[in-house]
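**Student:** One-letter residues, chain by chain:
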Amino acid sequence: MYAELHCRTNFSFLEGASHADELVSRAIELRYSALAITDRHSLAGVVRAHAAAKDSDLKLLIGAEIAPTDAAPIVLLATDRAAYGRLARLVTLGRRRAPKGECELTLDDIAQHSEGLLATVVGGLGRDPAYGEYRDIFADRGYLLAELHYGTNDAERLDQLVRLSKQTRLPLVAAGDVHYHVAQRMMLQHVLTAIRYNTTVEALGDRLLPNAERHLRTLDEIQQVFARVPDAVRRTMEVADRCTFSLDDLRYEYPEELAPADQSPYEYLRQLTWQGARQRYQNQVPESIKKQLEHELAIIKDLRYEAFFLTVYDIVKFARSQNILCQGRGSAANSSVCFCLGITAVDPMDTDLLFERFVSRERNEAPDIDVDFEHERREEVLQYVYNKYSRDRAGLAATVITYRVRSAVRDVGKALGLSLDRIDALAKNIDGRSEDTILATRCQQSGVDPTSRVGRQLMTLVNEILGFPRHLSQHVGGMVITQGPLCELVPIENAAMVDRTVIQWDKDDLDTLGILKVDCLALGMLTAIHRCFDLIEQHHGRQLSIANIRQDDSDVYDMISRAETVGVFQIESRAQMSMLPRLRPERFYDIVIEVAIVRPGPIQGDMVHPYLDRRDRVRKGETIEPICADDKVNKVLERTLGVPLFQEQAMQLAVVAAGFTPGEADQLRKAMGGWRRPGLIDSFRQKLFDGMLERGHTEEFAERLFKQISGFGEYGFPESHAASFAKLAYVSAWLRYHYQAAFTAALINSQPMGFYAPAQLIRDARERRDTPVEVLPIDINHSDWDCTLEKEGQALRLGLRLVRGLHRAVVDSLVQARTRRFESITDLVARTNLSQAVIERLSAADAFQSCGLDRRKALWQALDQAPKHEQGPRLFDLQSNESLVPMLPKLEEQEEVFADYHSAGLTLRRHPLSFHREQLNSLGVTPAGQLVTCPHDHMVKVAGVVLMRQRPSTAKGITFVTLEDETGIANLVVHQSTWQRYDQAARRSTAMIAYGKLERKNEVVHVIARRLEDLTDRLASLHSPSRDFR
Amino acid sequence: MPLSEATALGNQYDGPPRPSNQHNDGLRGPSYKRTPLHIESHDPFEDHKALEEIAVWCHRFSPLVGLADEDPVETLLLDVTGIAPLFGGEQAMNQQIESAFLQQNLMVRIGLGDTVGAAWALAHYASATLRGRESFSAEVVTACGDVGPKKTPDPFAAEPRCAAQLLELPIEALRLPSAIVETLSRLGLQRVGDLMPLPRNELKARFGAILLQRLDQALGEQPEIIARTHSPTNFFVEWLFEHPVTQQSVIQQVIRQLIERLCFLLLKQDTGSLQLSYRLTCQDSKPVTFEVGCYRPSADASHLWKLTETQLERLMLRDPVTSISLCSIRHDRLSRRQKELFDDDHIRQDSSLVAALIDRMSSRLGRQAIVRCVLQSDAQPEKAYRYEPLVGGSVSRRKNNSHSPFSLLDRPLHLLAKPVALEIYDVAADGSPSRFQYGGKQYAVSRYWGPERIETGWWRQRGVQRDYYRVETSEGFRFWMFRSLRDGCWFLQGAFE
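Protein sequences appear in the order of chains H and D. The first sequence begins at 0 in numbering that gives the first Met the number 0 and counts up one residue at a time. The second sequence begins at 0 in numbering that gives the first Met the number 0 and counts up one residue at a time.
Rather than coming from a laboratory, the hints here were simulated on the basis of the structure. Note that the Cβ used here is the ideal one computed from N, Cα and C, for glycine as well. A hint or two may mislead.
According to the in silico footprint, chain D covers these stretches of chain H (three or more CB under 8 Å from chain D) [to be verified]:
| id | segment |
| --- | --- |
| 1 | 48-61 |
| 2 | 209-216 |
| 3 | 613-622 |
| 4 | 728-737 |
Computed Cβ-Cβ distance ranges for the label pairs, DEER-style [stated by the list, open to error]:
| id | chain 1 | residue 1 | chain 2 | residue 2 | range |
| --- | --- | --- | --- | --- | --- |
| 5 | H | R455 | D | F289 | 56 to 64 Å |
| 6 | D | D68 | H | D982 | 38 to 46 Å |
| 7 | D | R313 | H | E155 | 35 to 43 Å |
| 8 | H | R195 | D | A208 | 39 to 47 Å |
| 9 | H | E699 | D | E39 | 43 to 51 Å |
| 10 | D | D42 | H | R195 | 31 to 39 Å |
| 11 | H | D982 | D | L415 | 32 to 40 Å |
| 12 | D | V370 | H | Y196 | 25 to 33 Å |
| 13 | H | R195 | D | L266 | 38 to 46 Å |
| 14 | H | Y196 | D | R313 | 24 to 32 Å |
| 15 | D | H58 | H | Y196 | 37 to 45 Å |
Straight line, CA to CA, 16 Å or less: simulated EDC-like cross-link-like pairs of lysine to aspartate or glutamate [to be verified]:
| id | chain 1 | residue 1 | chain 2 | residue 2 |
| --- | --- | --- | --- | --- |
| 16 | D | K382 | H | E237 |
| 17 | H | K413 | H | D423 |
| 18 | H | K300 | H | D248 |
| 19 | H | K413 | H | D391 |
| 20 | H | K58 | H | E237 |
| 21 | H | K634 | H | E621 |
| 22 | D | K203 | H | D863 |
| 23 | H | K889 | D | D193 |
| 24 | D | K305 | D | E290 |
| 25 | D | K382 | H | E201 |
| 26 | H | K99 | H | D689 |
| 27 | D | K440 | D | D409 |
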């Protein structure tokens, strides 16, 4: 009988060398009675251990190792819920005091939180005076740890410990100071130590643990090592028995103040829901909705989620009151209840999304609601939550940053002493995102022989370290809100950002314990939509909201089908645009599919083409055959014509086709996702295959499903999210169709966001097929900071925000002083006190046209505006020398264009390439606009300014480059070999000529590049930032 | 440009990389067939030093040589007022300077002008004399004529050639801060001549005094002075024989004299040499070079001679020697200690005598022969120490502060460099040895301590996994032995005294 009382997981970063679940299953295998998880200053690993130990006899003790600055380190174990709370509070105290990742505690702090905690003091040699104090603090709850690892002089060490134990009256208890679950992990532990000290294993010297004894030892070994002190071994059971705390005891309590005092939360939610329903349906709630609402409310009551819905409702209500646009998404968000509460604008009846699909009685998983807010105002929402519940009760969930192949190779390689450029080559050779990296091949390509000793060690260690946590970062917006103090539920520590704190558990941990979080996320498109609404109200007097825009505007669908979607949320990327003419959305649900289909998941799972084929056939009126004989499977895939496109479908398939429990299906997804571990995936794969073959499915179908699930694991898109995004996509498309000028202005005013730079947005607006938008240049007498509308909302005036190097405060002061026209630069300076640098930037932007000054004249003037305080008031300011501007060489138009790009990143004059058209013609370059008329398979030359470069992880190293000339846009496909051959031109040039084969598919034209040439020299000094690899 | 990218580019320039098919060794560089591009990292300090050396060398052309006032410095200024006739005219002078540079494998661009500014401008923006590509050469020599304000009021009239040429040059030729050049180009002003029609006071108001100053300096309206460079001192002495010499005794005598001269130079600076470098130029073969190192800085001629002598004896000189040079490569301040009242002269002398002995022995037997033992922190006993040469090591001897997890008393005083296999007759129940044979003698263990388990070194060729025991035999001997956990064999590692 033995209980291990001192054991680190890999959440003692760079110390522990095993996952929590590995430790737990090894402890079970060795028939330990109990295992304590005691990470250094952390409770981050306990939930994973708890989940692993759940269905076993192993008793899990929850604790942490604390190393106070003024005494020996101790291991604290929680006996009950209250003591656990104090431990969490103590860790919080130390963590909050110190910089990120560190902890600072004193003996005094421990004394104040000691009640109910068992303390086992790490017994070193020598007589530390603090041992006595520990005895005073913990009385009979204090023990002395005896840890023997075949050191230099174990016998003498044990003698000293026995003596010390007598002196301090702290009973001796055996422990292992466990760092890993099996001895084979010693190498990894050494490597981690080297990473921690930022050196190589070889140079570590005596900082290395000299043997492999820090593993979980067999009971026999333990008996042998502690043969002289059998009591110490027996006493481990005494300690374990005194701990009655389990993480199951953590009762998550919702905040109580959500409902009025005289109403229960459920009654209140019910009342709000019906109130909302009457509003949504203008007092005529359809029968089906009534039924649905009752049904949903019953489930919510059953699962006791009412407080969760109220929390979200409260946050959304606050955002509304502050006029912050928001939109809910996620499994529970697409419910009728959420629709009635105003959390989402997606009518679940429209999309046919059933509540049970997301929240069900059987699957005991937490409902998920993410709320997107305008990206510039999300902070207000977070501050509201902090203020309402205080920092003691609200905190951001953590994201565990884990080792991926690339970072693993980097760190392990360094620890093994590989040369830096070798590591660099290897790390660069590994595509961080693709999961099927064959490490051995990569090693070989980078000059590391995978069969050599170092090569083998590197590969083993990299495989072992994959998925190890490196540090905790803050989740993008997952808020945990509690009734009691949060820091007694889970320790809170400092995040890297100033004034940000993060709890030690991530969203999976919270799921495991059934603790609910609300994701408050930031979304740039909401900012843009809000701004667009404001502009429309201001200039057209029309009040719009996401909810009141008609959802069946066929003109809008036509526009989408023509792929005229620059600036439209989600469906503006090149991949989406090439899909749109093939998919031809006709109703809202088509957009939901469009959003989900152009994703790595469906693409990797090879589902796109089957879906398009089936859709075409349905359109032609053909009937399509079911995917297999199993009706249950067919039902899952009914909505998507037999092709799984959404993450939920893949999970459901695992359930109906392979007999997974819903919980297992979710574990499968997680195993595929973030912290993937090779071994775990294989066991799931086996289970999936067995289950499917048993149910009469073919191996081929199983193989395909597995591939699809693995695609979804990391990049999958749940239907519930797709529906919410589709809503925003539709709304933005609607705005683009009806109010292009306002839409473009709003997008530019919300930069940085989206896919396209202002230059493309402006060009798109000016070249709109039916009604081109007039765009007016930047001018000090007309422009505000933001882009504005003129001529009754039909024309767009560029804002000063586009001018490079101008700050908002400066522009605001300029606009404020503009009570009447600025007549000249001197006038401007006299009235605004702007600095010379600002005037120079304005003149570079050609913003003085309304004063009759071109760039050079304005600059000449600007240079003379020396600071006032130096010269005092200038007597002759008013009849200033504007007329005396000397003859400066006039700018050529091409120079103006370059200057436009340089200062504002866009031009309203001719396209820079148009100046070279003749030259390009003589080179045989086809204008981009004429590519449509070129025959398939024809060899062509195209030239243009590089708008963007993209290399999707799914594209097998293919890079997509978009070129623009004065006639339109050319899409290049650059294969890896071509890319490497023309490396410089490919990666650096702002403009290029490409030579290659034209390929046409369904109105989509690509050029498969064979040769690239840098055009930058010809277009010298063109400053146009391409949006690369975003 | 990051270095990695430069390398990649270099490889690309060499042709596409061709991965070879063999992967025999564990670690290789990128497997390209051609020799990879040679890349040196940028070192502005060394660049500047090299340019200063060239400046010294340039005194053969002009008595007044200076470096331009710019950052980074890449221009040499030579005052050639009245000098050209000595070379046979300006053209000839330029040609001779250029060929002298080319002989040194240096690229050069020469501008000859009436003022420093004009010459600089011509060298940078009008000279076509650079052979090869500019990127290979940082050195640009500017020779200039008159220094100081021109006497003639109108530069155009006096030197139409030079001034007219100057006005055609880009504005960068005026040595202006890049910010001003940029602003001027934004105004559309690109040639020096573009500035001339503009009102001077307006220019000054907008660009400060520097613009006009540079313009005037180039045109000779304002004076400009060349700051002279000096050659730095170094510890170098040389002897040139009028007739090549073969006699060993003569060479020895000369070297003794050179040492004395060098010591004189060293002592003037209170410096002692740590390493001397000899170079004997021979008539028909390559020069012979050798070095002598010291344990402590020394400027003692007789000591240095003794060290040199031991090496000289072994030197084979086949050809007559034409010159001998001696240079101190590394030196440090001489350590001196003031005498104390009750100083023990013997100890002081002893320590310096020991140092002299070490020097002599190292000089005769080679650096690697005279070593000391340094403790290393490594759990594996064979790796726990290493030998370090006494001479030529680091100047200041570091203290090894890392403390071991064990006290030194737990380790034996005698350690075998390689563990010796033992024959074990009897092993106790707990795995400890009870009787064994070593060196033909049998021992019975009466007491033991351990085991101490050491598993380490997996990153080396062969890691170790051992259980160490300290044993005391019935005769009172104490040994340190281990059992390898891999194969169960026993070895002796050391013995306690």
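**Student:** Confirm or reject each hint.
**Tutor:** Okay, the hints, checked on the actual structure:
1. For the segment 48-61 of chain H, the assignment as covered by chain D is violated, since 0 residues bring a beta-carbon within under 8 Å of that chain's beta-carbons and 3 are needed.
2. Residues of the segment 209-216 of chain H lying with their CB closer than 8 Å to a CB of chain D number 4, which satisfies the three-residue condition for coverage.
3. Under a criterion of three residues with beta carbons nearer than 8 Å to beta carbons of chain D, the stated coverage of the segment 613-622 of chain H fails, only 0 such residues being counted.
4. Coverage of a stretch by a chain is defined here by at least three residues with a beta carbon nearer than 8 Å to that chain's beta carbons; for the segment 728-737 of chain H and chain D the count is 0, and the condition is violated.
5. Checked against the given bound of 56 to 64 Å, the beta carbons of R455 (chain H) and F289 (chain D), roughly 46 Å apart, lie outside it.
6. The hint said 38 to 46 Å for the Cβ distance between D68 (chain D) and D982 (chain H), and at roughly 40 Å that hint holds.
7. The beta-carbon spacing between R313 (chain D) and E155 (chain H), approximately 56 Å, falls outside the hinted interval of 35 to 43 Å.
8. For the pair R195 (chain H) and A208 (chain D), the beta carbons lie near 58 Å from each other, so the given range of 39 to 47 Å is not met.
9. Taken as a hint, the range 43 to 51 Å is violated for the pair E699 (chain H) and E39 (chain D), whose Cβ atoms sit roughly 59 Å apart.
10. Judged by the Cβ atoms, the range 31 to 39 Å given for D42 (chain D) and R195 (chain H) holds: they are separated by roughly 34 Å.
11. In this structure the supplied range 32 to 40 Å is violated for D982 (chain H) paired with L415 (chain D), their Cβ-Cβ distance being about 57 Å.
12. Our hint of 25 to 33 Å for V370 (chain D) and Y196 (chain H) holds, since their Cβ atoms are close to 29 Å apart.
13. Restraint check, R195 (chain H) to L266 (chain D): a C-beta distance of roughly 51 Å breaks the suggested window 38 to 46 Å.
14. Against the hinted window of 24 to 32 Å, the Cβ-Cβ separation of Y196 (chain H) and R313 (chain D) comes to about 47 Å, which falls outside the hint.
15. For H58 (chain D) paired with Y196 (chain H), a C-beta distance near 54 Å fails the hint of 37 to 45 Å.
16. Annotation: proposed proximity of K382 (chain D) to E237 (chain H) is violated, straight-line Cα distance about 44 Å (limit 16 Å).
17. The straight-line distance between the Cα atoms of K413 (chain H) and D423 (chain H) is roughly 10 Å, inside the 16 Å bound, and the hint therefore holds.
18. Annotation: proposed proximity of K300 (chain H) to D248 (chain H) is violated, straight-line Cα distance about 22 Å (limit 16 Å).
19. Only pairs whose Cα atoms come within 16 Å are accepted, and K413 (chain H) paired with D391 (chain H) is rejected, the gap being roughly 41 Å.
20. Under the criterion of a C-alpha separation no larger than 16 Å, the hint pairing K58 (chain H) with E237 (chain H) is consistent with the structure, at around 13 Å.
21. The straight-line distance between the Cα atoms of K634 (chain H) and E621 (chain H) is roughly 19 Å, outside the 16 Å bound, and the hint therefore fails.
22. Between K203 (chain D) and D863 (chain H), the direct Cα distance comes to roughly 10 Å. Compliance with the 16 Å bound is thereby established for this hinted pair.
23. Among the hinted pairs, K889 (chain H) with D193 (chain D) is consistent with the structure: their alpha-carbon atoms are about 13 Å apart, no more than 16 Å.
24. A hinted pair counts as satisfied when its Cα atoms are at most 16 Å apart, and K305 (chain D) with E290 (chain D) qualifies at roughly 13 Å.
25. Among the hinted pairs, K382 (chain D) with E201 (chain H) is consistent with the structure: their alpha-carbon atoms are about 11 Å apart, no more than 16 Å.
26. Annotation: proposed proximity of K99 (chain H) to D689 (chain H) is violated, straight-line Cα distance about 46 Å (limit 16 Å).
27. Our distance criterion of 16 Å between C-alpha atoms is broken by K440 (chain D) and D409 (chain D), whose separation comes to about 25 Å.
When held up to the earlier numbered hints, the structure conflicts with 1, 3, 4, 5, 7, 8, 9, 11, 13, 14, 15, 16, 18, 19, 21, 26, 27 and fits the remainder.
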